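This is what each chain is made of:
There are 2 protein chains.
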Amino acid sequence: MLKHFQVPDDIAVRVDVERLRSVTEQVFMHCGVPESEARLGADVLIFADESGIDTHGVSNMLRSYVSGYNAKTMNPDPQLKIVKETPSTATVDGDGGLGLMIAPKAMEIAISKAREVGTGVVAVRNSGHLGAAGYHAMMAAEQDMIGWCMTAGGKAMIPTFGAEAQLGTNPIAFAAPGNNEPVFLFDAAMTSIAGNKIGLANRLGKEMSPGWVANADGTPDMEGGSMVDFVANTTRAQLPLGSTRELGSHKGYSLGVMVDILCGQLSFAPGFNSLARTRRAHFVAAYSVDAFGDVDEFKENMDGMLKGLAATKPMPGHDRVYYAGLPEHETRIERRETGVPLHPEVVEWFRGICAEFEITFDLA
Amino acid sequence: MLKHFQVPDDIAVRVDVERLRSVTEQVFMHCGVPESEARLGADVLIFADESGIDTHGVSNMLRSYVSGYNAKTMNPDPQLKIVKETPSTATVDGDGGLGLMIAPKAMEIAISKAREVGTGVVAVRNSGHLGAAGYHAMMAAEQDMIGWCMTAGGKAMIPTFGAEAQLGTNPIAFAAPGNNEPVFLFDAAMTSIAGNKIGLANRLGKEMSPGWVANADGTPDMEGGSMVDFVANTTRAQLPLGSTRELGSHKGYSLGVMVDILCGQLSFAPGFNSLARTRRAHFVAAYSVDAFGDVDEFKENMDGMLKGLAATKPMPGHDRVYYAGLPEHETRIERRETGVPLHPEVVEWFRGICAEFEITFDLA
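Order-wise, the sequence lines are chains A and B.
Following our numbering, the numbering of the first sequence begins with 2 at its first residue and continues without gaps.
Following our numbering, the numbering of the second sequence begins with 2 at its first residue and continues without gaps.
Heads up, a few of these hints could be off.
Copies of the same chain look alike in the list, so a pair counts if it fits in one copy or across any two.
Restricting the straight-line Cα-Cα distance to at most 30 Å, the calculated cross-link-like pairs of lysine-lysine (DSSO-like) are [unchecked claim]:
| # | residue 1 | residue 2 |
| --- | --- | --- |
| 1 | 156 | 82 |
| 2 | 106 | 308 |
| 3 | 82 | 207 |
| 4 | 82 | 106 |
| 5 | 106 | 207 |
| 6 | 308 | 207 |
| 7 | 314 | 73 |
| 8 | 207 | 73 |
| 9 | 300 | 73 |
| 10 | 73 | 156 |
| 11 | 207 | 85 |
| 12 | 314 | 82 |
| 13 | 207 | 300 |
FYI, nobody ran anything at the bench for these hints, they're computed from the structure.
Note that the structure is a prediction, hence the values are computed from the model and not measured.
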């Protein structure tokens with residue numbers, strides 16, 4: 002991830018991954034989430050934290066989940082229901098639960114169908130925040146499958162030439178396994194920047210870059226400006242990937258619509274027909290590599306491709322070229338050793354919530 | 002499409018769609034393509050021409066196909082082979098044919114599987130140029146299915162932070178049907194601009210915009226520059242959608258890798274393991290809406306969404322907001338009436354090839 006969004010080393014508190022996991026599980030359980038679900042939800046969050054996806058880890062997200070459970074807008078013990086299914090598809094109702102725990106179950110259904118008939122495609126309605134979409138896509142890669150995960154909901158992205166937000170940030174995650182090389186794992190919003198990055202940058206006191214948001218009248222802000230201004234003025238919607246029509250914003254916008262269709266329309270989610278989405282909808286898919294050819298050959302071929310991309314001659318000012326999933330893999334190795342760098346404000350929040358919930362606080 | 006790439010009205014020769022179709026079919030047949038295949042290939046090209054996708058119509062592409070057949074690098078009468086299949090998947094060898102005619106057959110396989118088990122996913126290797134990917138995705142939408150089509154091959158796109166091209170422009174097409182509203186039909190390269198647009202702009206004497214290509218050392222060219230300079234200097238690779246890391250080029254780059262995996266790796270296409278791709282590979286998929294829920298309800302919901310997007314309040318300087326497929330739909334209605342505007346140079350090429358192939362020239 003960009004250094005822009007990292008907690009500066011001189012103030013970061015390094016917290017052991019397993020301690021962070023344990024506290025997170027207990028927070029979920031205190032909110033009424035059953036133990037196995039709490040473990041799963043914490044695993045999704047900690048995956049983001051240890052991968053350096055700080056926008057989707059405990060620091061940015063856990064407090065909003067706690068608020069949702071407290072306000073009873075989120076169901077802590079949802080009963081997932083398959084509304085319709087065929088040999089390769091399922092339409093699932095998430096019963097108002099948190100996407101963190103709903104999506105892995107949807108992906109399990111997809112993987113099981115892919116094992117039977119080659120592919121499994123599952124659309125999910127009536128769900129909550131997904132966490133890092135990459136976690137769910139990765140589940141398929143671990144089973145020698147290609148994995149997709151997308152999520153839609155809310156209004157953040159402004160259509161090209163538009164003056165008002167109409168779509169969510171609508172991320173796409175995609176995973177494909179190699180043999181010895183780290184999994185290719187892409188996970189990104191179809192806006193030029195993830196929505197959560199704005200909150201994170203705000204906490205870090207960083208300014209926005211040009212091309213991230215629209216001005217109040219909808220025109221792309223190619224000058225940049227302070228976070229405070231953005232947060233105060235909700236009419237400043239986020240720009241699609243591509244930022245301006247000339248740079249290709251119609252592509253980011255259309256990919257956003259595609260995600261809305263696959264998640265919201267394909268799951269028949271309430272409100273998606275009128276752009277007035279109440280809850281979130283997801284899409285997961287698994288394609289079994291074995292259905293297309295020899296798995297070992299595929300993974301060897303993937304290694305060749307991934308090594309080739311990483312060996313690309315770099316441009317001036319850079320010493321390496323990456324592929325998606327490679328920096329996160331390296332960060333996981335590092336953070337499992339040295340801990341997750343949390344902002345002191347986040348540690349204080351944990352201290353407070355642990356006191357309130359009567360959980361042992363041992364993070365710092 | 003951007004006015005930038007349209008033949009100026011004062012020099013354009015308006016050619017009747019059906020005459021253009023007939024001449025194109027005859028050109029294919031003269032190259033050894035069987036009649037039914039020639040008809041299909043012409044249909045794919047004419048769809049682009051009448052939709053205003055001039056980059057992928059007869060003007061830009063037909064001459065390169067004729068060269069391929071003449072040089073015997075392309076097989077005019079390929080025998081498509083299913084190498085492996087499961088209830089929902091197939092791996093197809095295109096026998097060195099032109100993607101224009103291979104992809105519709107792959108899509109027919111996908112549609113037929115989707116009808117049986119809910120989804121159909123087909124990876125194709127050993128194929129040629131695809132034409133407009135949207136044509137193939139649209140086939141699924143016409144059967145009340147969601148359609149995907151992607152294609153990979155060649156080297157045009159430079160990875161983020163890289164100094165050399167490693168991927169094709171790797172377009173994604175996606176179609177989903179409404180009821181009364183025109184189909185949502187997205188079709189775009191994962192570079193900031195389609196490769197073919199460079200040739201087209203060159204013929205029109207237009208300069209490149211900032212953010213489209215890299216400088217010779219790999220750094221993003223955010224100044225813009227002449228087409229001639231780009232064409233002369235092949236080290237100036239195309240930038241991924243997003244153009245710079247700050248604007249999100251890692252997303253365009255990673256979506257490009259995703260397309261390479263789905264097309265090249267999933268079909269076990271030669272050369273894709275070493276980034277030395279010889280032929281093209283494709284990916285098509287069809288998801289039956291009926292497998293997920295009620296088709297009429299889905300199409301009504303889609304109409305609501307599409308109407309809502311088109312009704313978005315526009316930003317200053319614009320009087321409308323579009324969704325992908327809407328302007329092309331309107332252009333089709335217009336061009337079926339008034340003809341396809343061809344550059345005089347293209348008309349002259351047709352005059353020449355008709356004389357050489359002893360085909361009646363009746364375009365102007």
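Hints, verified against the model:
no., hint, result
1, 156 <-> 82, "within (26 Å within a copy, 46 Å between copies)"
2, 106 <-> 308, "neither (32 Å within a copy, 34 Å between copies)"
3, 82 <-> 207, "neither (43 Å within a copy, 56 Å between copies)"
4, 82 <-> 106, "within (11 Å within a copy, 37 Å between copies)"
5, 106 <-> 207, "neither (37 Å within a copy, 52 Å between copies)"
6, 308 <-> 207, "neither (35 Å within a copy, 38 Å between copies)"
7, 314 <-> 73, "neither (53 Å within a copy, 34 Å between copies)"
8, 207 <-> 73, "neither (33 Å within a copy, 58 Å between copies)"
9, 300 <-> 73, "neither (45 Å within a copy, 33 Å between copies)"
10, 73 <-> 156, "within (22 Å within a copy, 52 Å between copies)"
11, 207 <-> 85, "neither (46 Å within a copy, 53 Å between copies)"
12, 314 <-> 82, "neither (50 Å within a copy, 38 Å between copies)"
13, 207 <-> 300, "neither (41 Å within a copy, 44 Å between copies)"
In summary, the numbered hints that this structure violates are 2, 3, 5, 6, 7, 8, 9, 11, 12, 13.
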